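There are 2 protein chains.
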Amino acid sequence: MKKRSLIFSNSTITFLAIFLVFSLLQNGVKGQANSQTEFAIWDSNGELVKPESYREWIYVGTPVTPNDMNNGKAPFPEFHNAYIDPVSFAAYKATGKFPDGTILVKELVSVGSKAAVSGVGYFQGDFIGLEATVKSADHHADEPGEWAYYSFTTEAGQALKKSSPKFETASCNTCHQVSAADDWVFTQYYPILRAAKAK
Amino acid sequence: MKKRSLIFSNSTITFLAIFLVFSLLQNGVKGQANSQTEFAIWDSNGELVKPESYREWIYVGTPVTPNDMNNGKAPFPEFHNAYIDPVSFAAYKATGKFPDGTILVKELVSVGSKAAVSGVGYFQGDFIGLEATVKSADHHADEPGEWAYYSFTTEAGQALKKSSPKFETASCNTCHQVSAADDWVFTQYYPILRAAKAK
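Respectively, the protein sequence lines represent chains A and B. Positions in the first sequence are counted from 1; adding 51 to them yields my numbering. Positions in the second sequence are counted from 1; adding 51 to them yields my numbering.
Calculated from the structure, these hints are not laboratory results. Please note that a few of the clues may not be correct.
Same chains, same label: a pair holds when it works inside one copy or across any pair of copies.
Said to hold, decoys possible - In silico lysine-lysine, DSS-like type, Cα no more than 25 Å apart, as pairs:
no.: 1; residue 1: LYS148; residue 2: LYS250
no.: 2; residue 1: LYS165; residue 2: LYS248
no.: 3; residue 1: LYS144; residue 2: LYS250
no.: 4; residue 1: LYS144; residue 2: LYS213
no.: 5; residue 1: LYS124; residue 2: LYS165
no.: 6; residue 1: LYS212; residue 2: LYS165
Computed from a prediction, not measured in an experiment: that's the story for all the values here.
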């Protein structure tokens, strides 16, 4: 092996040092900080702040329960694009467990079309709502599984709410507790989570 | 503004320099390198190598064209989870154009269930195929729009192909050229792309 020494001038060193600090800061912002503080944020009223950038998290699956298959009144109209924060996804891949601070988001999307050149079916239209669930020992100590549920959805055509109080346990948690396959999460409908889970 | 000087010992400087090199390398691997070489790779036979880690790219939408809505023979059964590589997504957000090297992946997922506690509909089952399209001046100079299409799908239950030749122009490109809303991409069914596109 040939040895090479690193030679820098003083100004180069200063530049490198400054660059390093920025690089470290940037890495922190990107996703190596604690997921609970980074992705799930509560305001001073104890409401969950609407997540940002969740469309750049890890996608886990899309059920579609169209209104026209549910007598015009689907409980969750219509497409539900579900995402998990990337730090918790990495932990789930490594450990098979959803870590404290896990946040999953469900974005509701209308059915925009039912026919295309690719066939007959359901095609995504516009964004119509946003919901989230977080596992948190600090914030949900009294909730079964430490999971609670939030909704930022408003009336049709209005902007999403900026924050949301948690739902009563009976509104969401109870059904997730009984029917979801893995720790209150409906992994039976999320093939990406099933494939990623550590064995 | 208070001025502060950065003071380091020689060993600290060496450590910082080494750390910086690793940090730069890591950032390169993460997604700041050229998308064409990073995400779309052709083998020595000119076949596109099956992408890896695409489930951690940017999700753009899921049409569902179920077999039971297409006389049992949907052209693309059944869910199609579509993703774009993150570097090209960032460029699309910034410029409104798909850059050279853009790769989109379409993962086919079976319908696993048609009823759940959330209602009647279509729920994702198992992975059944994988397709991709790439825009490349180098590799697709003769294709309309410089887009070509690939499939890694095999017979049911078999592993995906490790590489794929491109389809004939008439097999995929022609339909995309005529019917896709934005540069051969069906953005009319991908709300995430529509929302992200630079105005």
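Determine which of the earlier numbered hints do not hold for this structure and return their numbers in increasing order. 6
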